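**Q** Sequence order for the protein chains is C and G.
Per the UniProt record's numbering, the very first residue in the first sequence carries number 1; after that it's consecutive.
Per the UniProt record's numbering, the very first residue in the second sequence carries number 1; after that it's consecutive.
Errors might be hidden in some of the hints.
Here are the simulated lysine-lysine pairs, PhoX-like style, with alpha carbons at most 25 Å apart [said to hold, decoys possible]: (1) G:Lys24 / C:Lys102; (2) C:Lys24 / G:Lys24; (3) C:Lys24 / G:Lys102.
Chain G residues, not near chain C, derived (Cβ > 10 Å throughout) [said to hold, decoys possible]: (4) Glu38; (5) Leu93; (6) Thr119; (7) Gly152; (8) Thr169; (9) Arg173; (10) Thr194.
These are calculated hints, taken from the structure and not from any lab test.
Just so you know, these numbers come straight off a predicted model, no measurement behind them.
We put the CB at the ideal spot given by N, CA and C, even for glycine.
There are 2 protein chains.
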Amino acid sequence: MSSHAGAVSQLVDRLSQLPGIGRKSAERLAFHLLRVREDEALALADAIRRVRTDVRYCAACFNLSEQEYCQICADPNRDATRLCVVEQPRDLLSLEASGAYKGLYHVLLGRIAPLDGVTPDQLTIDALVERVRTGNFSEIIMATNPTVEGDGTSLYLSNQLSEFPVEITRLARGITAGSVLEYANREIIADALTGRQKL
Amino acid sequence: MSSHAGAVSQLVDRLSQLPGIGRKSAERLAFHLLRVREDEALALADAIRRVRTDVRYCAACFNLSEQEYCQICADPNRDATRLCVVEQPRDLLSLEASGAYKGLYHVLLGRIAPLDGVTPDQLTIDALVERVRTGNFSEIIMATNPTVEGDGTSLYLSNQLSEFPVEITRLARGITAGSVLEYANREIIADALTGRQKL
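All chains should be modelled from the sequences, with the hints used to inform the complete structure.
**A** The following block contains the structure:
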């Protein structure tokens, strides 16, 4: 777009590389950033910069952290006998938001996905095995995503961890709270029947 | 989210203030920016910064520009007898993308909207009147949005410009190319009938 100031087209280009942001949205966002107060726009630029300079992975669990150990690993009140394995830091966030879990985490930073070229050695599996070997865990909870790849990753991990005296569990599957049976698909119904619980 | 690195929550907060970006999308974008190559993330931060430091309004037409005059105003090949009035720089972009217009532009930087507290003096109307007074235009094309406020703004402007010997036109209204009549609303059909053209 030659009619466009170079800096604007560059910003539009950059924004449209973000996931879920098409060309039109990128233009809308760029014009928004041109219109808002200057300090607001610059604060976003700084926040992006800071997240790349100040944030690293926790040395124990690979959660995002600004210190060597993340706030969860550093918290003495967490139950250090339980370890919940998740794919990504954002999964950890969802579990934390539920308030239903007080143990520690291990973030794999992905899932085994041969079709995408993601092999076990690209994940933090060695570190996980080492943690379970040297730690004092009684239960490892697999909280990978309920997908073919997530399930495959869990299965792979339970094999890797089978030599250790820990209980390995996974998140319950079934119908979701607040949903209606009518719209649940066959897989969900099958999971709910298989895992049915005493009333 | 106390489990979250401070820099990450700050970025999520900033991103979720963008139009059309909810909390979940902001989290997805933040994790994306954490995951991509560092230079890619920093390039976005720089692009935001640059757009605020390097871009200003063209001294003639108020399009966005990195020089005193924008590329369109500075182009001697544009037809300087026609002036197309648009609300925002992004509207100018749409018109340019069509390739159907070779004249100059004037960007109002908004539309008259009493309900939102936008009065004529907040727009670039004085500059427009001055341009038409001192310029050599034969036609002023109103290309404000086809909304109550856009139409109102056009009407206001034609009154302001009525003393000058220029033809004032507006974009054609009708059914849109590629659409189906079945889904056109009453207003569109009425416009199309009113403005019907000889075959």
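**Q** Given the hinted pair C:Lys24 and G:Lys102, is their alpha-carbon gap at most 25 Å?
**A** With a Cα-Cα distance of about 23 Å, the restraint between C:Lys24 and G:Lys102 holds, given a limit of 25 Å.
**Q** Once the closest CB in chain C is found, is it more than 10 Å from G:Arg173?
**A** holds (22 Å)
**Q** Hinted pair, alpha-carbon criterion (25 Å max): C:Lys24, G:Lys24. Please report holds or violated.
**A** Given pair C:Lys24, G:Lys24 holds - Cα atoms ~20 Å apart, limit 25 Å.
**Q** Taking the closest pair, is the beta carbon of G:Glu38 still more than 10 Å from chain C?
**A** Violated, because the least Cβ-Cβ distance between G:Glu38 and chain C comes to about 5 Å, which does not exceed 10 Å.
**Q** Evaluate the condition: distance from the CB of G:Thr169 to the nearest CB of chain C exceeds 10 Å.
**A** holds (21 Å)
**Q** G:Lys24 and C:Lys102: Cα distance at most 25 Å?
**A** holds (23 Å)
**Q** Beyond 10 Å on every Cβ pair: is that true for G:Thr119 relative to chain C?
**A** holds (18 Å)
**Q** Can we trust that G:Thr194 is non-interface, i.e. its beta-carbon lies farther than 10 Å from all of chain C?
**A** Given a closest Cβ separation of 30 Å, the condition holds.
**Q** Just want to verify: G:Gly152 was marked as not at the interface with chain C; is every Cβ pair farther apart than 10 Å?
**A** holds (21 Å)
**Q** Please confirm whether G:Leu93 is truly not at the interface, meaning its C-beta sits more than 10 Å away from all C-beta atoms of chain C.
**A** Nearest chain C Cβ is 6 Å from G:Leu93, so the label is violated.
Comparing the model with each earlier hint shows violations of hints 4 and 5; every other hint is respected.
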